[in-house]
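S.K.: Sequence:
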Amino acid sequence: MRCDFCGYEFTEEEAILGCSNCPVGAGCKMMKCPRCNYEIPLEPEWIKKLKKLFATG
Numbered sequence: 001m002r003c004d005f006c007g008y009e010f011t012e013e014e015a016i017l018g019c020s021n022c023p024v025g026a027g028c029k030m031m032k033c034p035r036c037n038y039e040i041p042l043e044p045e046w047i048k049k050l051k052k053l054f055a056t057g
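For what it's worth, the working numbering labels the leading residue of the sequence shown as 1, then goes sequentially.
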């Protein structure tokens, strides 16, 4: 994933760790950039599959 605000590239696992202290919990469907804490929506599963398909050729 890439942060829309600062451009930092990170994995979903890193972002979830960034939200561990969130009072809303895991149900908010948002991720935080581990670098700048900007919140971005989770990437839909179909987009992940498309990226994987085009990355492998």
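One thing to keep in mind: the hints can contain errors.
[What the hints assert, rightly or not] Across the chosen pairs, the derived CB separations fall in these ranges: (1) R35 <-> A55: 31 to 39 Å; (2) L53 <-> V24: 27 to 35 Å; (3) K49 <-> C28: 29 to 37 Å; (4) P23 <-> T56: 38 to 46 Å; (5) E12 <-> T56: 12 to 20 Å; (6) N21 <-> F54: 14 to 22 Å; (7) E13 <-> A55: 14 to 22 Å; (8) T56 <-> C22: 28 to 36 Å; (9) E9 <-> T56: 34 to 42 Å; (10) D4 <-> W46: 30 to 38 Å; (11) T56 <-> V24: 14 to 22 Å; (12) A55 <-> N21: 26 to 34 Å.
[As the list claims (entries may be wrong)] Derived pair list, reagent style DSSO-like, types lysine-lysine, alpha-carbon separation capped at 27 Å: (13) K29 <-> K52; (14) K29 <-> K51; (15) K48 <-> K29; (16) K29 <-> K49.
Derived from the structure by calculation, the hints contain no laboratory data. Glycine included, C-beta positions come from ideal geometry on N, C-alpha and C.
S.K.: Using the Cβ atoms, figure out if E12 sits within 12 to 20 Å of T56.
M.R.: holds, 19 Å
S.K.: Could one say that the CB atoms of A55 and N21 fall in the range 26 to 34 Å?
M.R.: holds, 33 Å
S.K.: Assess, step by step, whether the Cα of K29 is no farther than 27 Å from the Cα of K49, and give holds or violated.
M.R.: Distance of about 18 Å is within 27 Å: holds.
S.K.: Does the Cβ-Cβ separation between E9 and T56 fall within 34 to 42 Å?
M.R.: violated, 19 Å
S.K.: Starting from the hint 14 to 22 Å, judge whether the C-beta atoms of T56 and V24 obey it.
M.R.: Hint violated: Cβ distance 35 Å, outside 14 to 22 Å.
S.K.: I want to verify a distance hint. Is the separation of the beta carbons of T56 and C22 within 28 to 36 Å?
M.R.: For T56 and C22 the Cβ distance comes to about 34 Å; the hint holds.
S.K.: Check whether the Cα positions of K48 and K29 lie no farther apart than 27 Å.
M.R.: The given pair, whose Cα atoms are some 15 Å apart, holds under the 27 Å limit.
S.K.: Please check whether L53 and V24 have a Cβ separation lying inside 27 to 35 Å.
M.R.: Since L53 and V24 have Cβ atoms about 33 Å apart, the given range 27 to 35 Å holds.
S.K.: Does the Cβ pair K49, C28 satisfy 29 to 37 Å?
M.R.: violated, 23 Å
S.K.: Is 30 to 38 Å respected by the C-beta to C-beta distance linking D4 and W46?
M.R.: Violated - the Cβ-Cβ distance for D4 and W46, about 19 Å, lies outside 30 to 38 Å.
S.K.: Mind checking the hinted window 31 to 39 Å against the Cβ distance between R35 and A55?
M.R.: Since R35 and A55 have Cβ atoms about 23 Å apart, the given range 31 to 39 Å is violated.
S.K.: Is the gap between the beta carbons of N21 and F54 within 14 to 22 Å?
M.R.: violated, 35 Å
In the structure shown, a violation is registered for the earlier hints numbered 1, 3, 6, 9, 10, 11, in ascending order.
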